[in-house]
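Engineer: Start from the sequences, fold in the hints, and give me the full structure.
There are 2 protein chains.
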Amino acid sequence: MKCEILCVGTELLLGDTLNTNSQFLAKELSFLGIGVFHQSVVGDNPERVRESLKVAFDRSDMVITTGGLGPTKDDLTKEECAKFFNKKLILNEEALSRLKAIFIKRGFELSESNIKQAYLPEGCIPMQNNNGTAPGCIITDNNKTLIMLPGPPKEVYPMFKESVVPYLKTLSNDVFVSKVLRVFGIGESNAADRISNLLDNENPTVAPYAKDNEVIFRITAKCKNEDEAAILIKPIEQEIREKLGDCIYGEGEKTLEYVVGELLVNNNLTISAAESCTGGLVSGKLINYPGISSAFLEGAVTYTNEAKMKRLNVKKETLDKYGAVSEQTAKEMAEGIAKAAGTDIGVSTTGIAGPGGGSDEKPVGLVYIGIYYNNETYVKKLNLSGSREKIRNRAVMEVLDMIRRKIS
Amino acid sequence: MKCEILCVGTELLLGDTLNTNSQFLAKELSFLGIGVFHQSVVGDNPERVRESLKVAFDRSDMVITTGGLGPTKDDLTKEECAKFFNKKLILNEEALSRLKAIFIKRGFELSESNIKQAYLPEGCIPMQNNNGTAPGCIITDNNKTLIMLPGPPKEVYPMFKESVVPYLKTLSNDVFVSKVLRVFGIGESNAADRISNLLDNENPTVAPYAKDNEVIFRITAKCKNEDEAAILIKPIEQEIREKLGDCIYGEGEKTLEYVVGELLVNNNLTISAAESCTGGLVSGKLINYPGISSAFLEGAVTYTNEAKMKRLNVKKETLDKYGAVSEQTAKEMAEGIAKAAGTDIGVSTTGIAGPGGGSDEKPVGLVYIGIYYNNETYVKKLNLSGSREKIRNRAVMEVLDMIRRKIS
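Protein chains in written order, with the working numbering: chain H, 246 to 653; chain G, 246 to 653.
Check the hints yourself; a few may be wrong.
Within a straight-line C-alpha distance of at most 16 Å, the following computed EDC-like cross-link-like pairs (lysine to aspartate or glutamate) qualify [stated by the list, open to error]: (1) H:456 <-> G:261; (2) G:499 <-> G:457; (3) G:272 <-> H:261; (4) G:456 <-> H:261; (5) H:247 <-> G:292.
Rather than coming from a laboratory, the hints here were simulated on the basis of the structure.
Structural biologist: In structure tokens, the structure reads:
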């Protein structure tokens with residue numbers, strides 16, 4: 246089956262928005278064994294959407310669109326696709342009642358243009374949207390399949406997984422089974438070098454992906470059933486685990502903060518965080534773990550020296566002698582917050598996130614992260630690069646990884 | 246002139262690489278007033294590259310390709326493009342001598358496949374590569390223009406600016422000027438409804454974009470020069486400002502946290518934050534503003550009742566009587582942190598981010614946000630929906646907007 250991706254949206258066409266949907270869909274389709282041969286982007290223009298559908302269906306059996314399902318006038322994908330297949334748009338009652346529920350909850354009036362979103366082409370398979378207002382749908386006609394998805398990635402990803410994947414699986418006899426290993430503390434090329442012998446493997450395949458601050462290896466087996474896939478995947482997984490050791494922090498969808506949250510809760514450990522350069526993001530990440538309330542007791546964002554002294558008992562002499570960005574300050578911050586909050590673990594961050602504030606001695610990107618645990622304090626010095634945001638996010642991940650390594 | 250972008254590369258087609266070249270080129274071309282009507286991606290496959298060139302030139306005057314100029318077998322863009330225009334590939338002496346210099350510097354031998362890179366279609370305008378080994382080129386024939394660029398973004402960006410921009414400027418008399426207005430506190434469809442009369446405007450055009458938690462309106466004028474564009478944009482901007490009022494928080498690239506940071510610093514105001522459900526993210530956002538250190542004095546992540554009492558002086562009776570997620574607690578938190586940190590402003594968040602912890606009376610998504618300023622405390626009740634992350638991020642933006650409205 247030949248499939249292609251058609252993203253509709255003037256914001257993509259003009260480059261206002263980076264097209265992450267295409268990448269997501271291409272990757273997911275290739276895992277499912279569905280060949281993608283073209284990706285296209287077209288603006289919110291009826292004529293060009295129509296032309297693009299024609300070009301796409303002349304060469305492919307299946308087209309997946311994203312975007313253009315919103316409530317405004319320039320959202321016209323659904324209308325043009327329905328015309329293309331000679332289908333009328335009819336009101337989908339479930340979509341309407343979902344829309345109403347969302348608007349009642351928000352306390353807004355449901356307008357005419359909103360109700361437009363609840364109309365779908367006759368005879369389609371509707372796909373309800375659990376993360377937004379526009380439903381998607383699947384039209385099949387004459388051996389051609391059109392799958393319409395909304396535009397925002399946070400709606401596209403779950404709708405694809407919840408509704409499109411189950412549909413696509415009915416089309417093929419093969420199953421594709423994947424196992425994801427998540428890696429932190431080693432760069433992509435370094436990690437890939439260590440397992441380079443596996444990267445040309447045919448079945449299962451092994452593919453590395455660099456995500457913000459981490460590397461993910463996906464092992465994918467193509468088989469007749471899940472049991473067969475598990476047998477194929479096992480030795481490959483074992484080899485990767487041997488070669489990457491404790492840099493592998495988890496599996497599947499579990500993020501680093503999730504793994505750390507789970508470790509803290511399961512080990513009955515309490516934690517507190519004292520943050521300077523990361524400004525609350527370490528606490529914010531820890532609190533992403535839904536069950537964290539028994540473990541995370543307190544966070545302090547001590548951006549100023551005064552706050553470091555008052556809240557964390559960092560000594561004035563330490564700040565005077567070594568500066569706020571120093572191993573000594575990071576140590577006293579971690580110890581100070583653990584004592585103030587009465588927790589088993591205290592973590593700290595202090596650094597120069599930039600763009601200003603750097604010097605030859607203490608350049609932008611210099612960050613100290615500290616952890617107090619079991620009456621010992623350990624401080625790690627990081628030399629990070631990139632934007633203010635990148636430096637702070639990387640520092641947060643380093644703190645999480647430091648906690649993981651200390652308590653696992 | 247109709248232009249389109251064709252990116253060649255199997256790594257893009259399968260989603261292994263995010264296609265940032267398309268976005269870069271689209272944005273740059275739109276600034277130059279060159280209409281981009283299609284973007285496509287195709288793999289390193291001769292037949293499909295040929296087909297894609299045909300589709301592209303059937304509907305466009307100019308095609309810009311990226312990728313497929315490398316030394317390996319699967320790099321075939323140049324060969325297929327030359328065939329498409331019936332041009333022979335001939336050795337470009339400057340490209341060869343540049344290649345030789347690079348290889349001598351690296352201490353490598355120049356192989357046959359490397360030399361292949363120095364061949365260019367006869368009669369083309371060569372574009373030398375100052376950041377890599379593959380030169381690009383421009384072919385013009387029969388009112389059709391093909392611009393070939395390498396694949397790596399770090400080669401594409403400078404080659405475009407150094408060689409393509411000067412060429413393109415010779416082709417057009419128009420400039421496109423855009424103005425972006427940023428909106429918070431009103432949904433996309435509601436905002437679009439209010440200015441629906443403008444959405445069909447032809448010059449300037451007005452286009453709405455929903456971004457995470459906010460709406461952006463872009464006004465774009467096509468003119469002979471920037472002055473003329475400014476005159477066209479002004480009344481449209483004025484009308485949008487009248488209709489959306491103080492929901493417009495800023496212009497251009499300035500985010501809500503940037504606007505708030507700027508307001509705080511320019512007004513010499515100090516601020517502190519007490520966070521429960523947002524767990525540090527309000528502090529984290531405020532600290533995104535590079536100059537914030539004079540304004541942001543302290544943050545407290547008080548996830549537990551104990552921390553709320555100890556750090557913020559929230560009364561035990563308040564927590565017992567109304568609960569941690571209540572208007573009263575939000576009020577005492579905002580006042581408590583302002584007093585403890587000695588700041589002009591104190592903000593607070595307390596709510597149920599889910600997925601668990603909700604009840605009929607206090608459902609998931611119920612969040613109270615508070616602000617203490619000028620001896621007054623104001624608390625706003627929010628009913629949010631979506632995932633834990635979505636609820637928390639939305640609450641953070643609501644706090645920022647509340648600060649903006651109080652102090653501007």
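Engineer: Against each hint, give a clear statement of whether it holds in the structure.
Structural biologist: Going down the list of hints, with the structure as the test:
no., hint, result
1, H:456 <-> G:261, "holds (11 Å)"
2, G:499 <-> G:457, "holds (15 Å)"
3, G:272 <-> H:261, "holds (7 Å)"
4, G:456 <-> H:261, "holds (11 Å)"
5, H:247 <-> G:292, "holds (15 Å)"
Hint compliance for this structure: no hint is broken.
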